[in-house]
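Trainee: If you want the building blocks of each chain, they are given just below.
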Amino acid sequence: MSNPKTPAAAPAGGRGAAKKELPERFQSYKNVWVFIEMERGKVHSVSWELLGEGRKLADKLGVELAAVIMGPPGEGITHAINDSWAYGADLAYVIADPLLTDYRNQTFTKGLNDLVNTHQPEILLLGASTLGRDLAGSLATTLKTGLTADCTELAIDDDRCLAATRPTFGGTLLCTIYTLNFRPQMATVRPRVMAMPERTEGRSGRVIEFPLNMAEENIITKVLDFLPDVTSDKVNLAYADVVVAGGLGLGSPANFKLVTDLAEVLGADYGGSRPTIQKGWLPADRQIGQTGKTIRPKLYIAAGISGAIQHRVGVEGADMILAINADPNATIFEFAHYGIVGDALQILPALTAAFRERLGKLRMAS
Amino acid sequence: MAEHFDAIVVGAGMAGNAATYTLAKAGLNVLQIERGEYPGSKNVQGAILYANAVEALIPDFREDAPLERHVIEQRMWILDDRSYVGTHFRSENFNEEKPNRYTIIRAQFDKWLNKQAKDAGAMVICETTVLELLKDETGKVIGVRCDRDNGEVYADVVVLCDGVNALVGQRSGIRQEVAPEHAALAVKEMHFLPREVINERFNIADNEGVVIEILGTVTSGMLGTGFLYTNGESIALGIGCIVSDFVEKKINPAHLLEKLKAHPSIAPLIRGSEVKEYAAHLIPEGGFKGVPELSGDGWVICGDAAHFVNAAHREGSNLALTSGRIAAENIVALKKAGKPMSAENLKLYNQALEESFVLKDLKKYKDLPDTLWRNKQFVTTYPELLAQAAERFLRVDGVDKLTKEKEIARSFRKARGVLGLVGDAVKVARAWR
Amino acid sequence: MHIVVCIKQVPDSAQIRVHPVTNTIMRQGVPTIINPYDLFALEEALRLRDKLGGKVTVLTMGPPMADESLRKALGFGADAAVLLTDRFFAGSDTLATSFALSTAIAKLHAQEPVSVVFTGKQTIDGDTAQVGPGIAQRLGLNQLTYVSAIRSVDAENRSIVVERRAEGGVQVLKTGLPCLITMLEGTNTIRRGSMDDMFRAARASLTVWNAKDAGVEDMAMCGLKGSPTVVKKVFAPQPRKEKAVQVATEGKSPAEIAQATLETLFAANPKLEGDLLKLSAAS
Ligand SMILES: Cc1cc2nc3c(=O)[nH]c(=O)nc-3n(C[C@H](O)[C@H](O)[C@H](O)COP(=O)(O)OP(=O)(O)OC[C@H]3O[C@@H](n4cnc5c(N)ncnc54)[C@H](O)[C@@H]3O)c2cc1C
Ligand SMILES: Cc1cc2nc3c(=O)[nH]c(=O)nc-3n(C[C@H](O)[C@H](O)[C@H](O)COP(=O)(O)OP(=O)(O)OC[C@H]3O[C@@H](n4cnc5c(N)ncnc54)[C@H](O)[C@@H]3O)c2cc1C
Ligand SMILES: Nc1ncnc2c1ncn2[C@@H]1O[C@H](COP(=O)(O)O)[C@@H](O)[C@H]1O
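Protein chains in written order, with full-length UniProt numbering: chain A, 1 to 366; chain B, 1 to 433; chain C, 1 to 283.
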């Protein structure tokens, strides 16, 4: 164990001085970077969502958007580069090294840290996945810069600074956080919080390769095994186009059948509010909301859910929200698009029947 | 080796904290055991604190105890479904240097009072439930057993302050279960509002408070009352009725509270508030008739566990504080005199209580609970009649006042009959006397 | 084996209220708890100690009243407790927090070598999951985040094998000691201490360190001054401008309501019908 490393001297007025006084050495930091998260050859779609968001920031600043791709040499990297162009990147920094086959904190922190110090981005975005959070936390410490976690909104202010907005105090409030005097300004964003950008085919950009400069002997952590999730393909709530969810208002776990019935007819996925998970009505990976999944479906049907802020932040990205609640004053009606005041136990089966009939007819006709 | 203390106090409510503080301050080695996460975490009260009972313990408590507002106005409202008739008493005299009544939030006050006990040298252990009393072969209480591994702890005397359910005493065969007609079930909510809004709605300044006692049809024919107290940044609103009435009428207490909240006289007072706590709690309301044996070989019992609540005046916390203190003082006296904590010696506690307001007041009203319980007209018929009478009298509609008075009198006679009216008056007068 | 567990005292967020006018947090009377995620770390640490011997030290940085959570941790069975408290620490962001904590851990290490540092996955108030990795980086500890199980510890060869939650699966990692583990939730259940633990906790004297005691030399590294991030604005989420369009229900049967709902949805979004058709066919 070593002694805590002392960061570079703080600018006058302290590190967090509320006014921007960007030190000389940071003036050259430029461009918006998005870390492209690739685990076992597959890019996590949160990275594309971030490229979409990064594009807007880069355009506002009038700078370039870069994708940072780290992984073992091979097809995975080639695909990631090509997809990065399609999702808006102007350039790609690539560290291709067999040591990067599996994610390990030490290798990725070293590679990205060196890359940042060499090519100096002003903004660096990562997905708030297990990988992204693991990496962002250590990188911000080695770089001694500010990191804002789980942002829900990113913008550029008049001072050309990143304004990163995130929920605070268990989601009851939002706060906007700046890193005024350090670079890069780092932020993580949870999957599905930002919309998936449209692909633009035929775009391309510059590839800048960068070495890792490490040897396996010097890496202490070894990956002994990887046990893929058995259910990971089944529950894909975050990416479902239609989601039906139930809350405590359903009254009992047995009544969740009304939710799954409707979901089945709609080809939808299903989930629940946090208390339904806590009570064991549904497994944990079905929780929707701030501490569960963020969803962005085309249609979200919420039955017997009151619409607490922690639930709301997880569903606000839906194109259309239909809420069924017995209480005309339920908070959910304040952000749902359509509301039915009534007993979900009666309305849900009626909806199931109506959709079944309607879709059945259409199918016959086509 | 099992631990041994001079005294073990069960519970960290009003009674337990008063006892623990008094014992520790006198230098006794005392252990206090509380079931909740922290002292006060489970305690529900309206809540009004009567200053003198605390002063007897800590004369300058006002300096740092968490007090919400001192009460300057007392309202008594009798509701029917659409109206209320009532009295308000407000006086600048209540803005005195050392006010007599405060609203408090129990979770905070209990924590504070407990801290005084801890600072005085008591050992406090929370999140631990006392299951039963330990006795020796002669039946003398020698300690308690708790719900943790190695949970047996010993002491010369156990002070039972475990509140209205008094499960420890029941399980250990020193007292009976509380009869359903001797307990009220109260449900309560905290409605949070900014301080300024409360000040405006009740026409009060920052630390001034208002209490509303509520009678009438809101109890749906059951014997009970509602209450509304202003705290600093919240309003405590609740309603309580006798348990046996709830059972008989099959009424859901939560619905009763909903009804109270929706009443046109109450709704505007809590509009726009954020509701944070819903709590249900029993109140011992049997009065003197519900009081059990108060002490025995190696034990004493205080507060709600001893059924010390004066329902007529909605006093409980002060009886708990006082009984806890008196119990402790007598234990300290025995200890100092080197006398054993035998049944006979602990009778000192019973005697001291007889001489205090605690038992005197309870005796005074000993018939009131039963009288009211057997005569539901006090909570059903009268409130409506009163409201109708007031409305008839105030409405200017061309009918002369004398006729109106006669009509009102007739409506009362019709509803209760002359004998009924006289009888009711006598019943109340007797019980109150 | 000496194990340090970082715990934080947090307001019970289920009970937090926001002042509707000033948008500030109304902390008055909001009870505090040990960050629930940290209890998984504490239990795992206690299990390691029970198996391998040694001691568990709990460490927190916070106001003086944070000693409550340390005492609670002792009641669960921890052996020693250190409270880091100093006005210089006020306003710390994650970088400044990990600085203060790592300085204190380095001091604990000097007194009695530390093999594992545990933190929770994240806090429920800060919610960043950054402090653990921050400490690991500063102290040069091998970092193991989102650990779901500890498979084995070889004290002699100073190595550890853990299962770590990764995207799409579980990594089995082997690394050297000392290491930092951030423990995943739901991996264990905090034990109930015995009556003896409760007595020990009640009697224990806590170690209280201010910044100097902990070994901080440069105060500018702490608190607000040592925090690169600046909170510029705190605000309540905006309600959507229009409220939900209500489907008429008065006097209608559920079937009629459902029918009316379908008409409303499909009229508002003509593409929806086709989308649903595709989806339902696919499933
Ligand atoms: C730190 C923190 C994180 C949290 N994270 C999340 C999260 O990720 N996701 C989440 O969902 N919550 C989360 N919560 C919890 C959140 O605050 C709410 O408590 C929760 O969302 C409420 O769940 P609910 O709507 O199912 O239950 P309730 O609030 O009890 O609402 C039930 C609703 O059902 C209605 N109802 C009752 N009967 C019927 C009927 N027959 N038909 C129709 N309607 C009926 C009622 O009117 C009511 O509106 C979090 C809380 C905290 C403090
Ligand atoms: C809704 C309501 C409104 C009220 N309003 C008023 C009012 O305005 N003014 C007033 O003076 N009085 C009021 N009272 C009455 C007053 O609250 C009680 O009389 C008073 O709290 C009694 O104090 P106590 O210490 O005996 O019991 P409690 O305050 O109930 O304390 C008992 C303690 O013992 C603990 N405990 C219980 N069992 C065990 C166990 N087995 N092991 C360990 N610990 C245990 C409990 O957790 C609790 O902390 C009200 C009561 C209610 C319910
Ligand atoms: N003030 C603190 N004192 C001790 N530990 C802390 C503190 N803040 C954070 N931690 C630890 O760091 C973990 C992650 O916190 P956070 O980065 O705030 O989500 C927590 O679960 C704690 O174990």
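What the hints contain is simulated information worked out from the structure, not anything from laboratory work.
No experiment lies behind these values; they were computed from the predicted model shown.
There could be a bad hint or two in this list.
Unchecked claim - No farther apart than 30 Å at their CA atoms in a straight line, the calculated lysine-lysine pairs in the DSS-like style are these:
#1 A:K144 x C:K271
#2 A:K19 x C:K271
#3 B:K289 x B:K118
#4 C:K252 x A:K30
#5 B:K276 x C:K233
#6 B:K335 x A:K279
#7 C:K241 x A:K19
#8 A:K257 x A:K298
#9 C:K225 x A:K20
#10 C:K278 x A:K361
#11 C:K241 x B:K261
#12 C:K232 x A:K361
#13 A:K298 x C:K252
Trainee: If a hint holds in the structure, say so; if it doesn't, say that too.
Mentor: Hints versus structure:
1. Distance restraint check for K144 of chain A and K271 of chain C: the Cα-Cα separation of roughly 49 Å exceeds the 30 Å cut-off, and the hinted pair is therefore not satisfied.
2. For the proposed pair K19 of chain A and K271 of chain C, the alpha carbon gap of about 49 Å is over 30 Å, so the pair is violated.
3. Proposed proximity of K289 of chain B and K118 of chain B is contradicted: the alpha carbons are some 35 Å apart, above 30 Å.
4. Straight-line distance between C-alpha atoms of K252 of chain C and K30 of chain A comes to about 62 Å, which puts the hinted pair past the 30 Å bound.
5. Proposed proximity of K276 of chain B and K233 of chain C is supported: the alpha carbons are some 26 Å apart, at most 30 Å.
6. For the hint linking K335 of chain B to K279 of chain A, the alpha-carbon distance of about 51 Å lies beyond 30 Å, and the restraint is violated.
7. As the CA atoms of K241 of chain C and K19 of chain A are separated by approximately 34 Å, the hinted pair breaks the 30 Å bound.
8. Proposed proximity of K257 of chain A and K298 of chain A is supported: the alpha carbons are some 22 Å apart, at most 30 Å.
9. A C-alpha spacing of about 14 Å is found between K225 of chain C and K20 of chain A, which places the hinted pair at or below 30 Å, so the restraint holds.
10. The suggested pairing of K278 of chain C with K361 of chain A holds, with an alpha-carbon distance near 14 Å, which does not exceed 30 Å.
11. Distance check on the hinted pair: K241 of chain C and K261 of chain B sit about 29 Å apart at the alpha-carbon level, within 30 Å; holds.
12. Taking the CA atoms of K232 of chain C and K361 of chain A, the gap is near 55 Å; set against the 30 Å cutoff, the hint is violated.
13. With a CA separation close to 28 Å, the supplied pair K298 of chain A and K252 of chain C stays within the 30 Å bound.
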